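2 protein chains.
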Amino acid sequence: MKIAVLGTGMVGRAHVGRLSELGHDVVMGTQDVEATLNKSEPDPMGGDFFVTWHEKHPDIKLATFADAAKESELIIGALNGQVTLKLLKAIEPNLSNKVLIDISNPLDFSKGMPPSLFACNTDSLGEQIQRALPQVKVVKSLNTISADIQVCPKNLAKGNHVVFMSGNHADAKAIVSDLLKSYGWQQIIDLGDIITSRGAEMMMPMWLQLMKTEGTSRFNYQIIKD
Amino acid sequence: MKIAVLGTGMVGRAHVGRLSELGHDVVMGTQDVEATLNKSEPDPMGGDFFVTWHEKHPDIKLATFADAAKESELIIGALNGQVTLKLLKAIEPNLSNKVLIDISNPLDFSKGMPPSLFACNTDSLGEQIQRALPQVKVVKSLNTISADIQVCPKNLAKGNHVVFMSGNHADAKAIVSDLLKSYGWQQIIDLGDIITSRGAEMMMPMWLQLMKTEGTSRFNYQIIKD
Numbered sequence: 002m003k004i005a006v007l008g009t010g011m012v013g014r015a016h017v018g019r020l021s022e023l024g025h026d027v028v029m030g031t032q033d034v035e036a037t038l039n040k041s042e043p044d045p046m047g048g049d050f051f052v053t054w055h056e057k058h059p060d061i062k063l064a065t066f067a068d069a070a071k072e073s074e075l076i077i078g079a080l081n082g083q084v085t086l087k088l089l090k091a092i093e094p095n096l097s098n099k100v101l102i103d104i105s106n107p108l109d110f111s112k113g114m115p116p117s118l119f120a121c122n123t124d125s126l127g128e129q130i131q132r133a134l135p136q137v138k139v140v141k142s143l144n145t146i147s148a149d150i151q152v153c154p155k156n157l158a159k160g161n162h163v164v165f166m167s168g169n170h171a172d173a174k175a176i177v178s179d180l181l182k183s184y185g186w187q188q189i190i191d192l193g194d195i196i197t198s199r200g201a202e203m204m205m206p207m208w209l210q211l212m213k214t215e216g217t218s219r220f221n222y223q224i225i226k227d
Numbered sequence: 002m003k004i005a006v007l008g009t010g011m012v013g014r015a016h017v018g019r020l021s022e023l024g025h026d027v028v029m030g031t032q033d034v035e036a037t038l039n040k041s042e043p044d045p046m047g048g049d050f051f052v053t054w055h056e057k058h059p060d061i062k063l064a065t066f067a068d069a070a071k072e073s074e075l076i077i078g079a080l081n082g083q084v085t086l087k088l089l090k091a092i093e094p095n096l097s098n099k100v101l102i103d104i105s106n107p108l109d110f111s112k113g114m115p116p117s118l119f120a121c122n123t124d125s126l127g128e129q130i131q132r133a134l135p136q137v138k139v140v141k142s143l144n145t146i147s148a149d150i151q152v153c154p155k156n157l158a159k160g161n162h163v164v165f166m167s168g169n170h171a172d173a174k175a176i177v178s179d180l181l182k183s184y185g186w187q188q189i190i191d192l193g194d195i196i197t198s199r200g201a202e203m204m205m206p207m208w209l210q211l212m213k214t215e216g217t218s219r220f221n222y223q224i225i226k227d
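Heads up: the sequence lines are chains A and B, in that order. To convert, note that position 163 of the first sequence is 164 in my numbering; the numbers rise steadily by one, no gaps. To convert, note that position 156 of the second sequence is 157 in my numbering; the numbers rise steadily by one, no gaps.
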């Protein structure tokens, strides 16, 4: 499938790498291609410099957000929550009638730690994106999972943990579900309409706390039933 | 130990029954003893009428909130989130220097379903209670778990799931941890200070959604690590 991954950080890189491995025709979207290729700062999450990463993945095409979205059937938004709405709105025509997987969290670090959520309780970033882009089929998923576990759940406890999915469009959720299964996800819970992004995004403060308590980001939620 | 359970609903009944089984000297607190004994409406959560339940547990003492707290070393607040702060504040002198386990959730059903949280994101009900009652050692725990599983975690999947705990007082958390272990809890995560109640309470919207999706309240969260 022709897939665009918007974002060149840890999450974007993980998806691009995995999708390429799985044989998809994948393009990575960024704000400014030249600037990204010439970036000389280390990744804020401790990963490789972009150029170093790209040398290891020479086949990955890099394009502007607009061009990446234009040529793709499925879009994965692996963007910082604080800019995701603005960046997506700017390329709205190229997203029209397509499926957008939104992985972002509405994290606001401006008031110090722990971060708060800038959309929460009676709203969510997933809903904001769907409202702002009514022609796009938004599916919220994967937002509280570490990048490498998102794309290869078997990297953690043989994959015995859960991923949630929220969205208004059944056909879009079927496509996302197939993609998640191809990543190796065995337990996918469809929570319902995009309003259920609220619950999924509100799992983030506990996740951040657990990262601190447990001293690792290598964990995921599971739902235990009889 | 002398323990007061404040609240006569499903959660209060579950704790009272289990504590009594475990040999504690337990008293159940209510607003108005006579009114509770003469209640003729069914329990809103579908349980027995109070009088029917009490006939099955004739040894359980019933007292006012104030009297129940006064004679006890440990207090369990199994109260509706919307009234818990007011009811606890009214008996503040009787709670002084004691450990209070707060199980309540800040659920607001006034705007329809799904309920929103009246404290959230940059505050929590756990923090509100601790701020309002500075002489009380508040420990938030058990708030997203069904009553019967709270008091007997082995009732679900042999107990292989997790309970969180938040509070400012290490001595209080040690007492609560011992109580939880006596209930059968094997996996207790101390999240940190009472501020971490935010994360624990924000797990409630997902819990309510899952109850709908899964068609049962017989589930609990687990944290999967390698």
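Hints should not be assumed to be uniformly reliable.
Intra- or inter-copy, both count: the list cannot distinguish identical chains.
What the hints assert, rightly or not - Below 35 angstroms or equal to it, Euclidean Cα-Cα: the simulated DSBU-like pairs (lysine-lysine) are:
| no. | residue 1 | residue 2 |
| --- | --- | --- |
| 1 | K3 | K226 |
| 2 | K87 | K159 |
| 3 | K99 | K213 |
| 4 | K159 | K90 |
| 5 | K71 | K226 |
| 6 | K112 | K182 |
| 7 | K226 | K159 |
| 8 | K87 | K40 |
| 9 | K57 | K112 |
| 10 | K71 | K213 |
| 11 | K112 | K226 |
| 12 | K159 | K112 |
| 13 | K3 | K112 |
| 14 | K57 | K226 |
| 15 | K90 | K226 |
| 16 | K213 | K226 |
| 17 | K62 | K155 |
| 18 | K155 | K213 |
Note that these hints are calculated values from the structure, not bench results. Quick caveat, the model's predicted, so the values are computed rather than measured.
Practice task
Against the structure, test the hints numbered earlier, and report the numbers of the ones violated in rising order.
Solution key: 2, 4, 5, 6, 9, 10, 12, 13, 15
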